[in-house]
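Student: So you can see what is in the structure, the chains are spelled out below.
2 protein chains.
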Amino acid sequence: MHLTEPEVYKLLSRYGIPVPNYALVTGEELPPWNIFPAVVKVVSKEVVHKSNAGGVLFAKDQEELREALSELRKKFPNAEGFIVEEKLEGIEAFVGVKRDLSFLHVVGVGTGGILVELFKDVVFIPIRSTKEEIEEQLKKTKLYRLIKGFRNFKGNKELFLDFLEKLKKLLREHPEIYELDLNPTFVTEKYVIPADGRALLKEPERRRNFKPLPDNLFRPESVAVIGASKNPKKVGYALVRNLERFKGKVFPVNPKYERVLGFKCYPSVKEIPEPVDCALIAVPAEVVPAVLKECGEKGVKLAVVISAGFKEAGREELEREVVEVAKEFGIRVLGPNTLGFMVPPLGLNASFSTTLPPKGEISFLSQSGALITAVVDAAAKENIGFSEVISLGNQSDIELTECFELAVRSSDTKVILSYVEGLELGWELLDFVGRKPAVFIKAGRSEGGKRAAASHTGSLAGNYKVFKDAVECKGGIVVDSLEEAFDACQFLTAYGRLKGRKLLIVTNAGGPGTLSADYATSFGLELVSVDPVLEELSRVLPPNWSRINPVDLIGDATSDRYRAAFEILEKLNWDVCLVIVTPQSMTDVPEISHEVVKLAERSRRAVVACFMGGHSVSKGVEILKREKIPVYPDPYRAVNSIRRGVWSVQSSSEEKRERE
Amino acid sequence: MHLTEPEVYKLLSRYGIPVPNYALVTGEELPPWNIFPAVVKVVSKEVVHKSNAGGVLFAKDQEELREALSELRKKFPNAEGFIVEEKLEGIEAFVGVKRDLSFLHVVGVGTGGILVELFKDVVFIPIRSTKEEIEEQLKKTKLYRLIKGFRNFKGNKELFLDFLEKLKKLLREHPEIYELDLNPTFVTEKYVIPADGRALLKEPERRRNFKPLPDNLFRPESVAVIGASKNPKKVGYALVRNLERFKGKVFPVNPKYERVLGFKCYPSVKEIPEPVDCALIAVPAEVVPAVLKECGEKGVKLAVVISAGFKEAGREELEREVVEVAKEFGIRVLGPNTLGFMVPPLGLNASFSTTLPPKGEISFLSQSGALITAVVDAAAKENIGFSEVISLGNQSDIELTECFELAVRSSDTKVILSYVEGLELGWELLDFVGRKPAVFIKAGRSEGGKRAAASHTGSLAGNYKVFKDAVECKGGIVVDSLEEAFDACQFLTAYGRLKGRKLLIVTNAGGPGTLSADYATSFGLELVSVDPVLEELSRVLPPNWSRINPVDLIGDATSDRYRAAFEILEKLNWDVCLVIVTPQSMTDVPEISHEVVKLAERSRRAVVACFMGGHSVSKGVEILKREKIPVYPDPYRAVNSIRRGVWSVQSSSEEKRERE
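Line order of the protein sequences matches chains A and B.
Note that the working numbering has the first sequence beginning at 1, numbered continuously upward.
Note that the working numbering has the second sequence beginning at 661, numbered continuously upward.
Do not rely on the hints blindly, as some may be mistaken.
[As the list claims (entries may be wrong)] Lysine to aspartate or glutamate pairs mimicking DMTMM-like chemistry, simulated, CA-CA at most 25 Å apart: (1) Lys893(B) x Asp588(A); (2) Lys120(A) x Glu1021(B); (3) Lys780(B) x Glu117(A); (4) Lys894(B) x Glu591(A); (5) Lys894(B) x Asp556(A); (6) Lys894(B) x Asp560(A); (7) Lys234(A) x Asp1220(B); (8) Lys142(A) x Glu132(A); (9) Lys381(A) x Glu1251(B); (10) Lys800(B) x Asp480(A); (11) Lys1125(B) x Glu526(A); (12) Lys720(B) x Glu67(A); (13) Lys230(A) x Asp1216(B); (14) Lys814(B) x Glu92(A); (15) Lys1041(B) x Glu132(A); (16) Lys234(A) x Asp1248(B); (17) Lys628(A) x Asp1248(B); (18) Lys710(B) x Glu749(B).
Hints are computed from structural coordinates only; laboratory data are not their basis.
Use the sequences and the hints to build the structure in full.
Tutor: Written as structure tokens, this is what we have:
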């Protein structure tokens, strides 16, 4: 169902949103009207693009108004009416609302006008955002610059934010709105007024409910493996073998065996004489509902359905059956089609991944199981630790957002890393996303990617742009690649999110220092001035030191010079210090790394290292990793990780382009 | 000196560039004029921003024309005159020329209008570009979309390119033009006409000459080390030690010693009884001119001045002296303040870097010596090979462009990698840049970076945007980071530049496949369809394979399945194939890597691997590196390297944003 322009204006007025002066013309008579120039438009649910259809005319006096009305009447004999309104001027903003299946109402805001589709200067704001969050998002658009004042343009930022606040309220109270276009909306120093309005209403879609997970759901004391096997080629074997190091109780279940891998084996889960917290299910898909029923009767809390052959194979009915049984008994189901989950601090590998990664403070939630096998393998090599790794599979019951919320509550986890293909509980996610440092990789950005995601999991990939904008608006960090994600996690695990963006760079090589300064400035980080300690530094540094930030200690700098510089530079007001080391002839790399560690300890601020090179720096890198100082092999990766860690600049890639 | 609007119009007309109908008014009389609406503007060298000064009026008939002229006469009593011209309409393009110190005339082209500075939709085109190259550059702008037709906009691409061709000719023949603004220039289907003109003339700056380097300059048969030392802490010791593995002749020079490190030592270069091709000079700065003179008398071809303390330390006079002596004797000088150079295929380390990297086919030209030490150290670990590594130092004589040209000529080098801070011979570089795959990292992008570059080397960093646009226009690849540079070099060394952009992705994991498809599509690569072999593939693949590109072989794929798929997929018309492997339980990584090598051999097309994980994939990675198949640990890096290698998409990051 559509709302026409006057209907939209009425709705807006009810929420205190100003609309143009207008008069509705339904009969033959001319309305009492004396504001000129005026715009005359057709009112009709059938005419969607009024301008394109020739349904918009201008009048600069009564005479022209009469002519315009008569022309429109001829052209649109079946119109419901015509609207006469004042012609507004000012900055043309684009304001368009859409209801996203996952994030519900999002408001697209940006520079309007005829080139809006060409320049795509639009950011999507979820209506769950606060006024402050909205302003941060708006900063990504050129519209914000126009409103703040650019050339002869100037708007009123407060009025515009106020307008969006009212729009938010309207949308919250009208969930039936599916689309709402207020294009253009004119912004001046005195007013923010939409000069058009069109809405499409549609019954809200049914969405799954967010059901909070119990605190210890992924910290079971006992695990049953249903479908345990003695055949090393079977998943049911790998599952039991992977549990050998688990400190809790392990119960293989298979009527064929007495024992599996040294554990006593039971014919059915119900015959296990002790309580079972968690059941890993690896039986043929058809049997899963029956097995799940037994788990329910046994009082299992978490069922991990490893078995595939459900929704992802077109068998949606079978998956629904699983959900039904789970609901009946109050079991939470992970999967089906999941790799399982891992809790390295407990030595628990409840998955068929051969490797258990090191323990740490990252919760890794992944909608791709294969990605987990690769990441876990790389993590062992790079010594990246996890508090938990959860493969979400088909998300028949447990959805990523629910695991996210649990990880927010968990004291084991400092940083949450999510690989997302499709998300149903986006609206709910926004409530949690700012509560802990959170990094997201979102697949399905492009059409090509979307097709691949659709075929790969049972869920349709959502709209990348909406996801990115919505999550960033609430403080989430959306990155492009896995490498970038883990680089960011390294920083976030060490220091969390930083409020300040003042950077100090100390280097023994000019080139990498210059590159780092380039990256920093283009990301919106601020290079702190070293002028206050210029004299003091000059006393301990060679005469040809850089005398600016980046502080170039010159190629023959040893750990003594680094330390001397650090001790002076500590007095400056920086938020994060990047220490760059290249292996030159005098460079005592391990000793320098100890100085870096001490700087971090003494200054109680964020210190990040970039050790460039190979074998010559490997020992220093090892020391830093052990002491949990983030260390990167390339200045770009170092500065990019700092950017991701700093609240106000993490998503400012637009600025980067601008500064070029 | 300025040119006024009518003077610019006259100049344009001489090159066949259409200008508006106009009449110049100098006295009191009204010109014979009957084209309305008309624009009336002041003509005055003093009024730079005519609109801002109120010097532009509009007239829709004779009456208004008279009024406008009289108003302008009152306002600008000292004006040289007034110009009446037809009011043009169409797409407003920005066209502005500047003369760059390095690249000479570059034409900035993009979307015009009042928001040009906000949207910065401008690309700089060096006038050395061909028509085809210009069109490729224009594709990066929104203006190109407008000209091709967008909404109710449409221009004439051929006319616009023709206009730029004429402008190029004009600029070539008028080197005195320092700035030329033709803003706006109106573009319609019928014409391209500048509606304004202003020029600033300035005597061309004196530039250094490009002097081609002799073929074997960096392949000496004998090397003298002037300032050789027995003290292991001195550079003069390191230089001799590094030459121990050199197969040519080595002559230490120092009056203090009889022998250094087993080599006979001479009191002066002139007393060496044999010819000396190359001299490494490591004596105090003040002594360098005298030593250089002796080298000249000896007939040395290349002097490598390792010594610092010249321009970079404010002693420009001393550096000029070096250049004078070199000119007098026809010696080419590398440095001063250089690390030296290395030629790994000859085992020649004519530098004070402790490590000589593996031999290979990359020529690495660096304006930062410290960067070389880091890169060379990392290269040894990652097994990246070089044909030569040259540290440019202060570039008193030999400039990066000259080394670049030599590397283009050299049959040892397949790919040229340059780290650039400042470049004087930009114009000349453009002549060579497309002749061999060339990757550039440019420092000094941001203001912060620029300050650092200025303090670090003796040269001022040029304008990043001009550099990037100019070099990309001629086919160079400009990357952001060192890691990206070496990733690109790996691809380019194996396959050079590709004309086609059709990509096939084969994977055993959905997630990374989806991400790769995302990256590919957003970079402008094309995912080839697998429909023609759908049936055939289905016969050898499990039923749940993806049935699209990315071809997901499913997690339990072994090398047999990879091979079977490859054999069928070879029939398709792809330009590059990305093979993704994640280590799952059945994955036989080394065997799969052999299949990848065979695919590359059989298909004679570009094959790139992404092996994700740690120890589980390291053996496969080793095999691939040995066989020179590019292999990356992260899908982003793999696809980005492919992007860099493909001609038509390498710089399409704008498109990426757009597709989001």
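Student: Keeping to a limit of 25 Å between CA atoms, is the pair of Lys1125(B) and Glu526(A) held or broken?
Tutor: Judged against 25 Å, a Cα distance of about 21 Å means the pair holds.
Student: Below or equal to 25 Å on CA atoms is what counts here, so check Lys120(A) against Glu1021(B).
Tutor: violated (43 Å)
Student: Decide if the proposed pair is consistent with the structure: Lys710(B) and Glu749(B), CA atoms, cutoff 25 Å inclusive.
Tutor: Between Lys710(B) and Glu749(B) the Cα gap is close to 19 Å, so the pair holds against 25 Å.
Student: Within a Cα-Cα threshold of 25 Å, do Lys628(A) and Asp1248(B) meet the stated pairing?
Tutor: Roughly 34 Å between the alpha carbons, so the hint for Lys628(A) and Asp1248(B) is violated.
Student: Does Glu1251(B) sit within 25 Å of Lys381(A), going by the straight-line distance between their CA atoms?
Tutor: Between Lys381(A) and Glu1251(B) the Cα gap is close to 22 Å, so the pair holds against 25 Å.
Student: Holds or violated: Lys800(B) and Asp480(A), Cα atoms, limit 25 Å.
Tutor: holds (22 Å)
Student: Is it true that the CA of Lys894(B) sits at most 25 Å from the CA of Asp560(A)?
Tutor: holds (20 Å)
Student: Straight-line Cα separation of Lys1041(B) and Glu132(A) no greater than 25 Å?
Tutor: Between Lys1041(B) and Glu132(A) the Cα gap is close to 48 Å, so the pair fails against 25 Å, i.e. violated.
Student: Check the hint pairing Lys234(A) with Asp1248(B) against an upper bound of 25 Å on the C-alpha distance.
Tutor: Judged against 25 Å, a Cα distance of about 17 Å means the pair holds.
Student: Lys780(B) and Glu117(A) were given as a pair; does the straight-line alpha-carbon distance stay at or below 25 Å?
Tutor: holds (16 Å)
Student: Check whether the Cα positions of Lys230(A) and Asp1216(B) lie no farther apart than 25 Å.
Tutor: holds (19 Å)
Student: With the threshold set at 25 Å, check whether the alpha-carbon distance from Lys894(B) to Glu591(A) stays at or below it.
Tutor: Roughly 22 Å separates the two Cα atoms, so the pair holds.
Hint compliance for this structure: hints 2, 15, 17 are broken, all remaining hints hold.
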